[in-house]
Amino acid sequence: DQQVKQNSPSLSVQEGRISILNCDYTNSMFDYFLWYKKYPAEGPTFLISISSIKDKNEDGRFTVFLNKSAKHLSLHIVPSQPGDSAVYFCAASLMNRDDKIIFGKGTRLHILP
Amino acid sequence: NAGVTQTPKFQVLKTGQSMTLQCAQDMNHEYMSWYRQDPGMGLRLIHYSVGAGITDQGEVPNGYNVSRSTTEDFPLRLLSAAPSQTSVYFCASSPRQGDQPQHFGDGTRLSIL
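The listed protein sequences correspond, in order, to chains A and B.
Numbers given in the numbering used here equal positions in the first sequence, counted from 1, plus 76.
Numbers given in the numbering used here equal positions in the second sequence, counted from 1, plus 167.
These are calculated hints, taken from the structure and not from any lab test.
From the three backbone atoms N, C-alpha and C, an ideal C-beta is built for every residue, glycine too.
It is possible that some hints are incorrect.
Claimed, not checked - Listed below are several chain A residues computed to face chain B (Cβ distance under 10 Å; list not exhaustive):
id : residue
1  : Q78
2  : D100
3  : E118
4  : G119
5  : F122
6  : L123
7  : S125
8  : F138
9  : F141
10 : K144
11 : S169
12 : M171
13 : N172
14 : I178
15 : G180
16 : G182
Starting from the given sequences, assemble the full structure and let the hints guide the process.
The following block contains the structure:
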């Protein structure tokens, strides 16, 4: 039973356009959400996070939106750049409980020239 | 600043062999963890440690042992490798338990024949 679902294995977006990556979760107890970015042969690197007391968090070109009632979050990248081509993992956890963090399967983003 | 360093980067083992995956961090982080990533799967927690001398099991601990004799090092041991342990292994650390995000190493790709 997947507690964190990224239903799109891959996504292709034209350079300069908006990339929207989606993530759904089933456990309403999750109160902290993160997005990690991963390049081939490298470890995941932290991108952006959001706690359940907020519905939006922005950092430069990256914005994460949280809809608690729908148990859904999304990552928006505007504008998309070639260096954004990577695998993006959504993760959900209980605050202060790293051992309870659950990762999604990831979405591979291709930025097309 | 090296961050989280994992060795080796690649390893091929025969069924039944043992080996130790090394992980070291130079950030004086108390919390360290091991994950495995399988094709089409998110990262799954194997073992974690909240400080020197303290370890605990994660979601998929069977077949793996850990110890934490120093703050810097958190080795992962496979006592008798099985083909099901073929995976990419990531070590991660954070200042303290609950201090998201975690910092990941670049991974060890392990194949068990």
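Hint by hint, here is what the structure shows:
{"no.": "1", "hint": "Q78", "in the structure": "holds (8 Å)"}
{"no.": "2", "hint": "D100", "in the structure": "violated (13 Å)"}
{"no.": "3", "hint": "E118", "in the structure": "holds (5 Å)"}
{"no.": "4", "hint": "G119", "in the structure": "holds (3 Å)"}
{"no.": "5", "hint": "F122", "in the structure": "holds (4 Å)"}
{"no.": "6", "hint": "L123", "in the structure": "holds (9 Å)"}
{"no.": "7", "hint": "S125", "in the structure": "holds (6 Å)"}
{"no.": "8", "hint": "F138", "in the structure": "violated (14 Å)"}
{"no.": "9", "hint": "F141", "in the structure": "violated (19 Å)"}
{"no.": "10", "hint": "K144", "in the structure": "violated (18 Å)"}
{"no.": "11", "hint": "S169", "in the structure": "holds (7 Å)"}
{"no.": "12", "hint": "M171", "in the structure": "holds (7 Å)"}
{"no.": "13", "hint": "N172", "in the structure": "holds (3 Å)"}
{"no.": "14", "hint": "I178", "in the structure": "holds (7 Å)"}
{"no.": "15", "hint": "G180", "in the structure": "holds (5 Å)"}
{"no.": "16", "hint": "G182", "in the structure": "holds (7 Å)"}
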